[in-house]
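Chemist: Listed below are the residues making up each chain.
Protein chains: 2
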Amino acid sequence: MTILYLSGPGCHGGKILVVPLEGSHWVNMDILIRALHDRGHSITVVRTTKSWYIKEDSTYYDSITVSVTEGFDEEFIKPILQKLFDIERGKSSALNFFSLQLEAMYFIPKSVDHVCLMATTMFEDKALMQSLNESQFDLVLTDPAWGSGIMLAHYLQLPLVYNVRWITTGEGHLTLAPSPLSYIPLTGSGLSDKMTFSERVKNMLFYLLLMAQNNMILKPRYQAVCDKYLTPKVDFFELQQSADIWLMRVDFVFEFPRPTMPNVVYMGGFQCKPAKPLPEDLEDFVQSSGEHGVIIMSLGTFVSEVPSDITEDIAAAFAELPQKVIWRYTGERPSTLGNNTLLVEWMPQKDLLGHPKIRAFVAHGGTNGVQEALYHGVPVVGIPLFFDQYDNLLRLKERGGAKMLSIATTNKDTFLQALQEVLHEPSYRENMQRLSRLHRDQPMQPLDRALFWIEFVIRNKGAAHLRTESYKMPWYSYHSVDVVVFLLAAVISVVVISFVVIRYTCFKLLGMKKIKHE
Amino acid sequence: MTILYLSGPGCHGGKILVVPLEGSHWVNMDILIRALHDRGHSITVVRTTKSWYIKEDSTYYDSITVSVTEGFDEEFIKPILQKLFDIERGKSSALNFFSLQLEAMYFIPKSVDHVCLMATTMFEDKALMQSLNESQFDLVLTDPAWGSGIMLAHYLQLPLVYNVRWITTGEGHLTLAPSPLSYIPLTGSGLSDKMTFSERVKNMLFYLLLMAQNNMILKPRYQAVCDKYLTPKVDFFELQQSADIWLMRVDFVFEFPRPTMPNVVYMGGFQCKPAKPLPEDLEDFVQSSGEHGVIIMSLGTFVSEVPSDITEDIAAAFAELPQKVIWRYTGERPSTLGNNTLLVEWMPQKDLLGHPKIRAFVAHGGTNGVQEALYHGVPVVGIPLFFDQYDNLLRLKERGGAKMLSIATTNKDTFLQALQEVLHEPSYRENMQRLSRLHRDQPMQPLDRALFWIEFVIRNKGAAHLRTESYKMPWYSYHSVDVVVFLLAAVISVVVISFVVIRYTCFKLLGMKKIKHE
Numbered sequence: 001m002t003i004l005y006l007s008g009p010g011c012h013g014g015k016i017l018v019v020p021l022e023g024s025h026w027v028n029m030d031i032l033i034r035a036l037h038d039r040g041h042s043i044t045v046v047r048t049t050k051s052w053y054i055k056e057d058s059t060y061y062d063s064i065t066v067s068v069t070e071g072f073d074e075e076f077i078k079p080i081l082q083k084l085f086d087i088e089r090g091k092s093s094a095l096n097f098f099s100l101q102l103e104a105m106y107f108i109p110k111s112v113d114h115v116c117l118m119a120t121t122m123f124e125d126k127a128l129m130q131s132l133n134e135s136q137f138d139l140v141l142t143d144p145a146w147g148s149g150i151m152l153a154h155y156l157q158l159p160l161v162y163n164v165r166w167i168t169t170g171e172g173h174l175t176l177a178p179s180p181l182s183y184i185p186l187t188g189s190g191l192s193d194k195m196t197f198s199e200r201v202k203n204m205l206f207y208l209l210l211m212a213q214n215n216m217i218l219k220p221r222y223q224a225v226c227d228k229y230l231t232p233k234v235d236f237f238e239l240q241q242s243a244d245i246w247l248m249r250v251d252f253v254f255e256f257p258r259p260t261m262p263n264v265v266y267m268g269g270f271q272c273k274p275a276k277p278l279p280e281d282l283e284d285f286v287q288s289s290g291e292h293g294v295i296i297m298s299l300g301t302f303v304s305e306v307p308s309d310i311t312e313d314i315a316a317a318f319a320e321l322p323q324k325v326i327w328r329y330t331g332e333r334p335s336t337l338g339n340n341t342l343l344v345e346w347m348p349q350k351d352l353l354g355h356p357k358i359r360a361f362v363a364h365g366g367t368n369g370v371q372e373a374l375y376h377g378v379p380v381v382g383i384p385l386f387f388d389q390y391d392n393l394l395r396l397k398e399r400g401g402a403k404m405l406s407i408a409t410t411n412k413d414t415f416l417q418a419l420q421e422v423l424h425e426p427s428y429r430e431n432m433q434r435l436s437r438l439h440r441d442q443p444m445q446p447l448d449r450a451l452f453w454i455e456f457v458i459r460n461k462g463a464a465h466l467r468t469e470s471y472k473m474p475w476y477s478y479h480s481v482d483v484v485v486f487l488l489a490a491v492i493s494v495v496v497i498s499f500v501v502i503r504y505t506c507f508k509l510l511g512m513k514k515i516k517h518e
Numbered sequence: 001m002t003i004l005y006l007s008g009p010g011c012h013g014g015k016i017l018v019v020p021l022e023g024s025h026w027v028n029m030d031i032l033i034r035a036l037h038d039r040g041h042s043i044t045v046v047r048t049t050k051s052w053y054i055k056e057d058s059t060y061y062d063s064i065t066v067s068v069t070e071g072f073d074e075e076f077i078k079p080i081l082q083k084l085f086d087i088e089r090g091k092s093s094a095l096n097f098f099s100l101q102l103e104a105m106y107f108i109p110k111s112v113d114h115v116c117l118m119a120t121t122m123f124e125d126k127a128l129m130q131s132l133n134e135s136q137f138d139l140v141l142t143d144p145a146w147g148s149g150i151m152l153a154h155y156l157q158l159p160l161v162y163n164v165r166w167i168t169t170g171e172g173h174l175t176l177a178p179s180p181l182s183y184i185p186l187t188g189s190g191l192s193d194k195m196t197f198s199e200r201v202k203n204m205l206f207y208l209l210l211m212a213q214n215n216m217i218l219k220p221r222y223q224a225v226c227d228k229y230l231t232p233k234v235d236f237f238e239l240q241q242s243a244d245i246w247l248m249r250v251d252f253v254f255e256f257p258r259p260t261m262p263n264v265v266y267m268g269g270f271q272c273k274p275a276k277p278l279p280e281d282l283e284d285f286v287q288s289s290g291e292h293g294v295i296i297m298s299l300g301t302f303v304s305e306v307p308s309d310i311t312e313d314i315a316a317a318f319a320e321l322p323q324k325v326i327w328r329y330t331g332e333r334p335s336t337l338g339n340n341t342l343l344v345e346w347m348p349q350k351d352l353l354g355h356p357k358i359r360a361f362v363a364h365g366g367t368n369g370v371q372e373a374l375y376h377g378v379p380v381v382g383i384p385l386f387f388d389q390y391d392n393l394l395r396l397k398e399r400g401g402a403k404m405l406s407i408a409t410t411n412k413d414t415f416l417q418a419l420q421e422v423l424h425e426p427s428y429r430e431n432m433q434r435l436s437r438l439h440r441d442q443p444m445q446p447l448d449r450a451l452f453w454i455e456f457v458i459r460n461k462g463a464a465h466l467r468t469e470s471y472k473m474p475w476y477s478y479h480s481v482d483v484v485v486f487l488l489a490a491v492i493s494v495v496v497i498s499f500v501v502i503r504y505t506c507f508k509l510l511g512m513k514k515i516k517h518e
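Protein chains in written order, with UniProt numbering: chain A, 1 to 518; chain H, 1 to 518.
Next up, chain A with everything else stripped away, as it sits in the complex (with noise of 0.2 Å):
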C-alpha cells in the first residue's frame, strides 16, 4: 500500500489570505489555520474593529482590521439569541416556527448589512486594495456564509477555497450539488431523509420560503456591492458557486446521504484529536465516580444560562443520579444542585468525552460538540436551541445515538428520564461507537484531506476541472424547461398536420367518390 503523500509535495511556504465568520465558524477556522500554519504557509486573516473571536494580534497570522462602524459582535447577537430563546421556550411549536422565520428576517438583512458594509469600507480603501494586490496571495480561505471574502477573491482575482457548512442560500450542498427536495431535508425544517407526503410539503413550502428570503433579503444587497466595486459585472450567487474547493464540514456518518459534486471535499470532525490527560483535580473527580461513571453538560459558546426554572430542575435531576457530573455554567448557583454536580466555567470538553468514564454528554448540538461526542463515541441527551441545532441533533437520533428533549417541555423529570434511558438502554452507546468506528475508518485523516486540497489549489492554481460552470447557464435551460417545451411544440406540431393532412385527404377521397357516385 503506497501512499503518495506523506510530507506533501511542494508548495510549502504559499501565501494564504483567510476571510473568516465570527463566533463558532471562527473556532473552525482557527484550527486550519493553524494547521496551515504549521505547514510552513504564511496566513494573513481579514477582521474588523467589531471582531470579537477574531484577534488582531496572533503568533501564526497576520492581521488586516477593517474599520467599520456597525459590527456583528457580542451586543449585535446576544439580544437576537435571548429573542430566539424566548419564542422557543414561550409559544405551541407551530407557532413558535413562524415566530422564528419572522425573527430570521428582522436578523438575516442586518447581519447582511454589516458584511457588506465590511466589503465596501475594503473596497473603498485603496491603499489596502493596491497592498493586498500586490502581495500575491495565492488564494483565498473563507467561510461563505459571508460574502466578503467570496467578493475580495474575485477583485483580487485569486482561487478560492471553502472553509463551509452555510451559505447565504443555507446548508453548503443546496446551492452547489442538485438537491431532489424529495430526499433532502432542508436545514431548519427538522426532517430526516425519509419524509411521509405532509413532511415533503413542509420541505418544499420552507425551500420556498428559502428562495423569496435569498432573492428579496440576500440578493439586492450583495449584488449592490458587486455591481459597484467589481468588474466585469457579475452575479453574486454565481460569484458564491464559483469556489474552486469546498472544505465541507461534515461527512456521511453525520450527515444523511445526498448528491454531491467533485468539488466538495468532506472534512467533518477534522478537528477532533484523541483525547489528552485530564488536569489532576478533574481526573481525580471524574475517578471518584467509581463504577458509575460521568455525564459532561454544555449548552455551547453563546448560552451559559438557561432561565432559572430550568436550571433548578436540571440540577435536581442531576442530585438523583448515582454518576458524577461536570456542567460548564456560569449563572447563579442552583439551590436544588447535588454534591456529585460540579459546576465550572470552561471545561477540555474534547478530552473528557475521550475519557472512559465518560458516560453522557448533555449538549445544545452545535455541531462542534455533535462531532467530537461522534468521534469519541459518547451518547446524547440533547436540548437544541436555536440554529441548526435541532438539525444536528436528529441526525444522531435517527441512528439512535441520541434523545432529544424540547427546551419549551423540559422539567425534572422529562430530563431524569431522557438520561435515565441514554444511561441504562445500551443501544445509545452501541450506536454511537458504530458510527465512531466509521467515522475513524477512512483512507486519511479528515484534517490531512483538508490541508492537501488547500494545497492542491496552491500548486494548481485552482480546480477547474472539478468545477461545472452549469451555474452560468439560465434556469430553463439547466431545467432542460425549453428542450421539453420544443419538443413537445414539434410533436403537437406533427400531430395537427398529421390530422389536418389526414383528414384533407379523406374529404378529397370522400369527394371524389360522390363525384364518382353521382
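If you're looking for bench data, these hints aren't it; they were derived computationally from the structure.
Accuracy of the hints is not assured; some may be wrong.
Identical copies go unnamed one by one, so any copy, or any two together, can satisfy a pair.
To be verified - As a list, the in silico DSS-like pairs of lysine-lysine whose alpha-carbon atoms are at most 30 Å apart:
| id | residue 1 | residue 2 |
| --- | --- | --- |
| 1 | Lys194 | Lys461 |
| 2 | Lys194 | Lys233 |
| 3 | Lys350 | Lys55 |
| 4 | Lys472 | Lys397 |
| 5 | Lys461 | Lys397 |
| 6 | Lys83 | Lys233 |
| 7 | Lys55 | Lys15 |
Following the hints, put chain H in place on chain A, whose structure we already have.
Modeler: Relative to chain A, chain H alone:
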C-alpha cells in the same frame, strides 16, 4: 501529516466472490483481483464454459464455471464488431447514428439473453447455490454492465461492490446520481458538457431512446429472472442501485465535472504504473529514432486489422515521417510500409507510453489506452471505431490533448496532417502533460483507494450510510410531482374560493344597495 491507513487495518483474509464481464472489462477486473490476492484475500471467479478472456486455471483465484450453451465469446462478438465497423465507414454521419442504434437494438437483447442464461443456469443449480451459500463470502465484486453478479449478491444476501463504468442504463453515474441533461452528455451522443440548444435537444432525444431501450429490452429480461428466483419480489433497477460501493473507472481529469454520490469512489487510471524498462531489441529500435522520437499505434484488443485501403494509407503516411513507428498489427504487410515502421503482434504499451522517446500515440480510444496516455502525458491521434471510443477521445480533445479522425474520412493526407499537427504543435504535449500532473496529484493512488473501500465493506459488512435509498421512491414522489400538484391545487382552490366569496359579497352588497335605492 498522519496517514491512518498505511498497511491497512485488519480484514486481511476476506473471501470475495467475483462476477466479471468479458473482454477489456476483464483486463481491468484482473488487475483488481491480483491486488486483492496480494493483500491476502481469497478470490473466487464465476465464469462460463464460453468464457473467452477469463481462464479457468489461475494461481491467484479459484474459478466456478457455469455451463452455458450460448456464449458472449469471440464468435459472438466479432461479426457484430465487423458490422459496426462497416456501418461506421460506409455512410453519412446522420445515417450512421441511426444504423448504429438499430444494430444496438439487435446486439443488446442478445447479450442480455446470454447474461440471463448464465444467471438462470446458476440459480437452477441447487448444489452450486448451496455451496456458494456455505462458503460465507464477505462480498460480491462485479462489473454491473452485466446483471448476473447483482442478482447473485441479492440471492446470497451479500454486500455488493461494483467495478464499474457502464451499467445496463448507460454510463454508471446516470442511474445513480442526478444527471441534468442540460450539461451531462450521454455516452454515444458525442457531446461535451457545454452544449448548444440543438445539442441539448439531441441529448434529450438520445436519453428518451435509452429509456425506451431499457424499459422494452433490458427490464423484461432481467425482471423475469428476478421474479423467478429472488424473494421477496424485487425490482431489478432498484437492485442495480443498491450496491454499497461503486468503484468508478474514471476520474475528473478525464471525465467532465458532474454530480456524484457519496458511495462513488473514483479509481480512474488505477491500472497505471511507472514504465518498466523495455526488452532490449525494442529499446534499441526506440533509441535508433534519435531526436525525432517514436510514434506507437494500436487499435485495441478487438481490432487487429482495419480494411486494407486504410492500412495502405496509414503505412504510406508513416513512411513520410522522420519518426520511428511501432504498430500493433496482425494483418497482411502493407505494400507502402516504410523502413521506419515496425509491425508487432503485441507490444508493452504501458511501458512504451512511459518512455521518454515517445512522441505520439495513435489509438482507437478504448478507456484503458486513453487513461494510460493521460497518465504518461502522451498526445493522441484518435481514430474511434465504436462503443464509447468517440466519447473517450472527445474528453482528451476538449482539453487540447488529442486530435480526432473519423474512420470514414481517414486517408493518407488527413492522417499525415493530423500526425504532423500533434507532433509539431507544442500545445498537445503541454496539455497532456498538464492532465498527467493533475491526475497524479492525488492524496492516494487510485488502486489503493479502491482496495481501501473494498476492505471497508468487508470490515463494516457494507456501506449503508453512504447509500441513499431515494431510488425506492416512485418517480412522481422522487421528482416532487405529487407535492407540486397538491400545492398548485391548494393555491387554485384558495383563489377560486376567494373569488366566489368576494363575488358573492359584492353581489349581496350591490343587491342591498339596490334595495335601499329602491
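Chemist: Next, verify each hint and record whether it holds.
Modeler: Tested hints:
Proximity of Lys194 and Lys461 under a CA criterion of 30 Å is satisfied inter-copy only: 23 Å between copies versus 41 Å inside one chain copy. Taking CA atoms no more than 30 Å apart as the test, Lys194 paired with Lys233 passes between copies only; the shortest distance there is 22 Å, against 42 Å inside one copy. In this assembly of identical chains, Lys350 and Lys55 lie within 30 Å of each other by CA distance solely inside one copy; the values are 23 Å within and 55 Å between copies. Taking the shortest Cα distances, Lys472 and Lys397 sit within 30 Å of each other only across copies (23 Å), while inside one copy they are farther apart (39 Å).
Within a single copy, Lys461 and Lys397 get their C-alpha atoms only as close as 42 Å, which misses the 30 Å cut-off; across copies the closest is 22 Å, which meets it. Taking identical chains as interchangeable, the C-alpha atoms of Lys83 and Lys233 are never at most 30 Å apart, the minima being 39 Å within one chain and 54 Å between chains. Within a single copy, Lys55 and Lys15 get their C-alpha atoms as close as 20 Å, which meets the 30 Å cut-off; across copies the closest is 56 Å, which misses it.
Hint compliance for this structure: hint 6 alone is broken.
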